[in-house]
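Asker: Residue-level listing of the chains:
Number of protein chains: 2
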Amino acid sequence: MTKIQKKYQDYVATMQKRADVDYAIGLLSWDKETYMPDKGARFRSQQVATLSGISHEIFTDKKLGKLLADLNDKAGKLDKRQAKNVKLSLKEYERSTKLSKEFVIKKSQAISKAYHAWVEARKANDFKVYKKELSAVVDICREEAELIGYKDHPYDALLDLYEPDAKTKDLTILFKDVREQLVGFVKELKEKSQVKDDFLYKKYDKDKQWDFGLKLLKNMGYDFKAGRQDLSEHPFTINFSPEDVRVTTRVDENDFMNMTWSCIHEGGHALYEQGLPSDQYGLPLGAYISLGIHESQSRLWENNVGRSLPYWKAHYKGLKKQFPKNLGAVSTKKFYKAINKIQPNLIRTEADELHYHFHVLIRFEIEKGLMEGSLKVDNLEEIWNAKYKEYLGVKVPDAKHGILQDIHWSHGSIGYFPTYSLGSFYAAQFFQQAEKEIPNLLKEIENGNTQPLLDWLRENTHKHGRYYNAEELCKKITGEKLNFKYFMDYARKKFGGIYGV
Amino acid sequence: MTKIQKKYQDYVATMQKRADVDYAIGLLSWDKETYMPDKGARFRSQQVATLSGISHEIFTDKKLGKLLADLNDKAGKLDKRQAKNVKLSLKEYERSTKLSKEFVIKKSQAISKAYHAWVEARKANDFKVYKKELSAVVDICREEAELIGYKDHPYDALLDLYEPDAKTKDLTILFKDVREQLVGFVKELKEKSQVKDDFLYKKYDKDKQWDFGLKLLKNMGYDFKAGRQDLSEHPFTINFSPEDVRVTTRVDENDFMNMTWSCIHEGGHALYEQGLPSDQYGLPLGAYISLGIHESQSRLWENNVGRSLPYWKAHYKGLKKQFPKNLGAVSTKKFYKAINKIQPNLIRTEADELHYHFHVLIRFEIEKGLMEGSLKVDNLEEIWNAKYKEYLGVKVPDAKHGILQDIHWSHGSIGYFPTYSLGSFYAAQFFQQAEKEIPNLLKEIENGNTQPLLDWLRENTHKHGRYYNAEELCKKITGEKLNFKYFMDYARKKFGGIYGV
Chain A
1 MTKIQKKYQD
11 YVATMQKRAD
21 VDYAIGLLSW
31 DKETYMPDKG
41 ARFRSQQVAT
51 LSGISHEIFT
61 DKKLGKLLAD
71 LNDKAGKLDK
81 RQAKNVKLSL
91 KEYERSTKLS
101 KEFVIKKSQA
111 ISKAYHAWVE
121 ARKANDFKVY
131 KKELSAVVDI
141 CREEAELIGY
151 KDHPYDALLD
161 LYEPDAKTKD
171 LTILFKDVRE
181 QLVGFVKELK
191 EKSQVKDDFL
201 YKKYDKDKQW
211 DFGLKLLKNM
221 GYDFKAGRQD
231 LSEHPFTINF
241 SPEDVRVTTR
251 VDENDFMNMT
261 WSCIHEGGHA
271 LYEQGLPSDQ
281 YGLPLGAYIS
291 LGIHESQSRL
301 WENNVGRSLP
311 YWKAHYKGLK
321 KQFPKNLGAV
331 STKKFYKAIN
341 KIQPNLIRTE
351 ADELHYHFHV
361 LIRFEIEKGL
371 MEGSLKVDNL
381 EEIWNAKYKE
391 YLGVKVPDAK
401 HGILQDIHWS
411 HGSIGYFPTY
421 SLGSFYAAQF
431 FQQAEKEIPN
441 LLKEIENGNT
451 QPLLDWLREN
461 THKHGRYYNA
471 EELCKKITGE
481 KLNFKYFMDY
491 ARKKFGGIYG
501 V
Chain B
1 MTKIQKKYQD
11 YVATMQKRAD
21 VDYAIGLLSW
31 DKETYMPDKG
41 ARFRSQQVAT
51 LSGISHEIFT
61 DKKLGKLLAD
71 LNDKAGKLDK
81 RQAKNVKLSL
91 KEYERSTKLS
101 KEFVIKKSQA
111 ISKAYHAWVE
121 ARKANDFKVY
131 KKELSAVVDI
141 CREEAELIGY
151 KDHPYDALLD
161 LYEPDAKTKD
171 LTILFKDVRE
181 QLVGFVKELK
191 EKSQVKDDFL
201 YKKYDKDKQW
211 DFGLKLLKNM
221 GYDFKAGRQD
231 LSEHPFTINF
241 SPEDVRVTTR
251 VDENDFMNMT
261 WSCIHEGGHA
271 LYEQGLPSDQ
281 YGLPLGAYIS
291 LGIHESQSRL
301 WENNVGRSLP
311 YWKAHYKGLK
321 KQFPKNLGAV
331 STKKFYKAIN
341 KIQPNLIRTE
351 ADELHYHFHV
361 LIRFEIEKGL
371 MEGSLKVDNL
381 EEIWNAKYKE
391 YLGVKVPDAK
401 HGILQDIHWS
411 HGSIGYFPTY
421 SLGSFYAAQF
431 FQQAEKEIPN
441 LLKEIENGNT
451 QPLLDWLREN
461 THKHGRYYNA
471 EELCKKITGE
481 KLNFKYFMDY
491 ARKKFGGIYG
501 V
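Chains A and B are the protein sequences, given in the same order.
Numbered according to my numbering, the first sequence spans residues 1 to 501.
Numbered according to my numbering, the second sequence spans residues 1 to 501.
Derived by calculation from the structure, the hints in this document are not laboratory data.
Source: prediction; values computed, not measured.
Heads up, a few of these hints could be off.
Computed list of lysine-lysine pairs in BS3-like fashion (alpha-carbon distance at most 25 Å, straight line) [claimed, not checked]: (1) 395(B) / 39(A); (2) 463(A) / 74(B); (3) 101(A) / 7(B); (4) 101(B) / 225(A); (5) 334(A) / 202(A); (6) 218(A) / 32(B); (7) 39(A) / 225(B); (8) 395(B) / 32(A); (9) 196(A) / 6(A); (10) 215(A) / 39(B); (11) 463(A) / 476(A); (12) 132(A) / 151(A); (13) 113(A) / 123(A); (14) 192(B) / 3(B); (15) 481(A) / 167(A); (16) 463(B) / 225(B); (17) 87(B) / 98(B); (18) 101(A) / 63(B); (19) 208(A) / 87(B); (20) 7(A) / 74(A); (21) 6(A) / 101(B); (22) 187(A) / 7(A); (23) 39(A) / 218(B); (24) 63(A) / 62(B); (25) 62(A) / 7(A); (26) 463(B) / 39(A); (27) 192(B) / 7(A); (28) 208(A) / 206(B); (29) 206(A) / 206(B); (30) 218(A) / 39(B); (31) 39(B) / 32(A); (32) 32(A) / 218(B); (33) 63(B) / 63(A); (34) 6(B) / 101(A); (35) 337(A) / 187(A); (36) 208(B) / 206(A).
Restraint-style ranges between C-beta atoms, simulated for each label pair [unchecked claim]: (37) 151(A) / 49(B): 42 to 52 Å; (38) 106(A) / 278(B): 25 to 35 Å; (39) 52(B) / 63(A): 41 to 51 Å; (40) 344(A) / 52(B): 48 to 58 Å.
Even glycine gets a Cβ: it sits at the ideal position worked out from N, Cα and C.
Looking at chain A on its own, in the form it has when it is part of the complex (with noise of 0.2 Å):
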């Protein structure tokens, strides 16, 4: 082996001691989420709070600094996927050690407090139990900024965490996009009549919405043999390596779909994850682009398959035998309209596809606004109550229901939002070029056989890893860089032919 080689191997064994401990975290979470014992709190959390210390400390030894210097230096003798992890892990590197260590802890207090507030300002319905503390947390935020570096926008530096090389100048014509094309489609929406959907809330035998949940991530192509499928409260994925990511799921008995839009949804992320080449476990190669490529996954399923009239042509006579009492008068088109229902609403989870996206927008203007300075705290409750009003027309009635609806910013997330509509806005474009490439995608679909379609993702996307970030990787699939025109072409097509638009 050559020095450099070997030196490359000593980084290998850094990052996967350091991937060894962060799921072992990701296990004592999920075992949280899943099965633990209520009392089982209090020391789990000191537990995962201790490996979260070590991890960071395997990370952030300057040993491994040194070596990451030395091997970017002569990455010319790396191949050029070695080359990629020691670029992008000495960027993470260096963000890490531009924060230093009473930085961590006064943020992670400043966090700790906000989440307590918003708590409390939850049970209180009021936005003023959670101000102090949430202006602390801005102000981290942007002393953070400072601290990490910018060329244009101190959101960068933020955006950069969640969708890294993700700009606020672009982000900004893209939701003045959204401004402007989707709030006057929408509208044209509204004035015509409304489809029905009752049936979709009538009592939904548990037992059988879990089966029938299985079934559709089993046709997936979901590997049970590296996963399995849970019950929390919350719906989430995760994975400890990309032979064992889990999914986990609710059901409700009296809203059918809650539960079938979590599997495919959990389902996309998954079987993006299980995806990821193993020999590169522990490097950036061996993990997800950005949260917005992650959310492309699942909302590609979720969305563009999962709310088709193809894909219902597939599963709806199965759907229908188990549930021949809430939908055995209920037509495949009838039930396509239903899951597409169109409403403007007050909470960003409960939205639809469409207006989900002003959820995000509304979070974008203020999130910038608040980095930049030309936002305060102190006014958010009206800032947020006024776009609520002139983006989906709807008045809030407390903060409950309006600006305490969220706990992204407690965690001190800010920058995190943007990545939902971008999962969105990717996953048509992408798509769009599937239906393309792939011989008939839409009879595969109707046929029940979404086997190609998981091969193109694996093709063009899973087996990468990091090795394109999110616009390459758009470059690479579709020839050009995310644009929204893919979102909205989809939405005309899609919800004018139901409303009749």
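Guided by the hints, dock chain B onto chain A, whose structure is given.
Answerer: Positioned in the frame of chain A, the structure of chain B alone reads:
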């Protein structure tokens, strides 16, 4: 805070850090046996290995050694529980420093080879396949004993790992008693007519078994808010703090009692762990005393309580109601006799309450001989088979039903087996004391109330953690050290009654 108290807190922090890592390893292991999908195994092993290495690094850090030595020198300034923690940790630390890194690696390689050879030998049903590797393990264990050091007997150095402060000399006397007193008694029983137990092996619905097991656990006082039961191939108890202590069981449709004994046995282990003081988390005083004392808790519940007539006077009615077809015609007395059937057998884990100790006796004699060098692995199968003929009167048909049945030696665990018998003997001695001290204990059990017994165990054993060693605890509870007499009294009374001896 005084300087010495500050040092003590540093020691506590290090021990808790190690405990956090160890309990994360515990969860990785629990998950592996319960819910992990098949393909998860590969990276899981690596994750466990990494965390084990980290735990080892934390504990063998020279700074900790220095801290422990300092604290031990000034133990007079600590309170007596603190001083005991320091003393016990120092003992463990010193043991760990006596083994070089090279030796630890050599041992783990020998064990890995031996385990694989054992698996292969079982497949081939041929002891020869395993001989060489087992010899290597025995040699390593002898070398370990020399490195660790001992006063009287090399076996002492190994016993100490599982049963701190146990001595070969004492065990030799104990097992001489077993041989002399138990062999004769069992012969007497054998001359009497056998009890009937065929109704235990009819078809018992698995779900009903599961529910019945949970009921028994609950009735014992097992706290389901600080634990849970799951299924696994081999039942076990595992804890991640005293506030999260989990048990597993297996359910065999054609062997009802299999599930029942595993529930009560693991429940006994779990009650001990749930009763340990959580303010001593990570410290010796927050841990169990020895495997023998741990087993005393499980065996006390399983045999002295669970296999008693009063216990089934409380629970048989409910059981019968669940399985009227199988048990409708079976009286409580008949059931009680059936579950206490005595019969020589070949496999330790399937042995009855009395023959079990012959199995252990044989392993004790062999281990002692191997450690002294008076026995060799080469002709161990002949020795094994001869002892089974002599003590149990059974002919071993092949290696799988003989010398290849246990995994222990292939894991390098020499000195573990005696703790199983110690558990039962301590249990008998503790239980006769409980009968003296708890008013109407048997009557309470008959009424389904084991709370007074649990309170007594909590007060006399659990709450002390490792403050006393096994011998000290035994003297404290019963006024004398372990005495085989109590087990024989119990055996004569119970089985004499059942078989009419």
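Asker: Now tell me, hint by hint, if it's right for this structure.
Answerer: Outcome of the hint check:
Under the criterion of a C-alpha separation no larger than 25 Å, the hint pairing residue 395(B) with residue 39(A) is inconsistent with the structure, at around 51 Å. Taking the CA atoms of residue 463(A) and residue 74(B), the gap is near 60 Å; set against the 25 Å cutoff, the hint is violated. Only pairs whose Cα atoms come within 25 Å are accepted, and residue 101(A) paired with residue 7(B) is accepted, the gap being roughly 23 Å. Between the alpha carbons of residue 101(B) and residue 225(A) the distance comes to roughly 37 Å, so the proposed pair goes past 25 Å and is violated.
Distance check on the hinted pair: residue 334(A) and residue 202(A) sit about 16 Å apart at the alpha-carbon level, within 25 Å; holds. With a C-alpha separation of about 22 Å, the suggested pairing of residue 218(A) with residue 32(B) holds against the 25 Å cut-off. Proposed proximity of residue 39(A) and residue 225(B) is supported: the alpha carbons are some 6 Å apart, at most 25 Å. Proposed proximity of residue 395(B) and residue 32(A) is contradicted: the alpha carbons are some 51 Å apart, above 25 Å.
In summary, the hint linking residue 196(A) to residue 6(A) is not supported, as the alpha carbons are separated by about 65 Å, beyond the 25 Å threshold. This hinted pair checks out: residue 215(A) and residue 39(B) have alpha carbons roughly 20 Å apart, not beyond 25 Å. Only pairs whose Cα atoms come within 25 Å are accepted, and residue 463(A) paired with residue 476(A) is accepted, the gap being roughly 14 Å. A threshold of 25 Å between alpha carbons decides the hint, and for residue 132(A) with residue 151(A) the separation of about 29 Å lies outside it, so the pair is violated.
Using a Cα cut-off of 25 Å, the hinted pair residue 113(A) and residue 123(A) holds, with the two alpha carbons roughly 15 Å apart. Between residue 192(B) and residue 3(B), the direct Cα distance comes to roughly 70 Å. Violation of the 25 Å bound is thereby established for this hinted pair. Restraint check for residue 481(A) and residue 167(A): satisfied, since their Cα atoms lie roughly 13 Å apart, inside the 25 Å limit. A threshold of 25 Å between alpha carbons decides the hint, and for residue 463(B) with residue 225(B) the separation of about 19 Å falls inside it, so the pair holds.
Of the supplied pair hints, the one linking residue 87(B) and residue 98(B) holds, its CA atoms being roughly 17 Å apart against a limit of 25 Å. Note on residue 101(A) and residue 63(B): the hinted pairing holds, with a Cα-Cα distance of about 23 Å set against a maximum of 25 Å. With a CA separation close to 59 Å, the supplied pair residue 208(A) and residue 87(B) exceeds the 25 Å bound. Pair hint residue 7(A) plus residue 74(A) holds up; C-alpha atoms about 11 Å apart against a cutoff of 25 Å.
For the suggested pair residue 6(A) and residue 101(B), the alpha carbons sit about 23 Å apart, so the restraint of at most 25 Å is met. Distance hint between residue 187(A) and residue 7(A) is unfulfilled; the C-alpha atoms sit about 60 Å from each other, more than 25 Å. A hinted pair counts as satisfied when its Cα atoms are at most 25 Å apart, and residue 39(A) with residue 218(B) qualifies at roughly 16 Å. With a CA separation close to 21 Å, the supplied pair residue 63(A) and residue 62(B) stays within the 25 Å bound.
Distance hint between residue 62(A) and residue 7(A) is fulfilled; the C-alpha atoms sit about 15 Å from each other, no more than 25 Å. Using a Cα cut-off of 25 Å, the hinted pair residue 463(B) and residue 39(A) holds, with the two alpha carbons roughly 18 Å apart. This hinted pair does not check out: residue 192(B) and residue 7(A) have alpha carbons roughly 75 Å apart, beyond 25 Å. Distance check on the hinted pair: residue 208(A) and residue 206(B) sit about 22 Å apart at the alpha-carbon level, within 25 Å; holds.
Pair hint residue 206(A) plus residue 206(B) holds up; C-alpha atoms about 22 Å apart against a cutoff of 25 Å. Using a Cα cut-off of 25 Å, the hinted pair residue 218(A) and residue 39(B) holds, with the two alpha carbons roughly 16 Å apart. Under the criterion of a C-alpha separation no larger than 25 Å, the hint pairing residue 39(B) with residue 32(A) is consistent with the structure, at around 22 Å. Taking the CA atoms of residue 32(A) and residue 218(B), the gap is about 22 Å. The hint holds against a cut of 25 Å.
Restraint check: the Cα-Cα separation between residue 63(B) and residue 63(A) comes to about 21 Å, which is no more than 25 Å; the hinted pair holds. Proximity of residue 6(B) to residue 101(A) is assessed by CA-CA distance (about 23 Å); at most 25 Å being required, the pair is judged to hold. A threshold of 25 Å between alpha carbons decides the hint, and for residue 337(A) with residue 187(A) the separation of about 18 Å falls inside it, so the pair holds. Restraint check for residue 208(B) and residue 206(A): the C-alpha separation of about 21 Å stays at or below 25 Å, so the hint holds.
For the pair residue 151(A) and residue 49(B), the beta carbons lie near 43 Å from each other, so the given range of 42 to 52 Å is met. At roughly 31 Å, the beta-carbon separation of residue 106(A) and residue 278(B) lies within the given 25 to 35 Å, and the hint holds. Against the hinted window of 41 to 51 Å, the Cβ-Cβ separation of residue 52(B) and residue 63(A) comes to about 22 Å, which falls outside the hint. A beta carbon spacing of about 55 Å between residue 344(A) and residue 52(B) agrees with the range 48 to 58 Å that was offered as a hint.
Checked against the numbered hints above, the structure breaks hints 1, 2, 4, 8, 9, 12, 14, 19, 22, 27, 39 and satisfies the rest.
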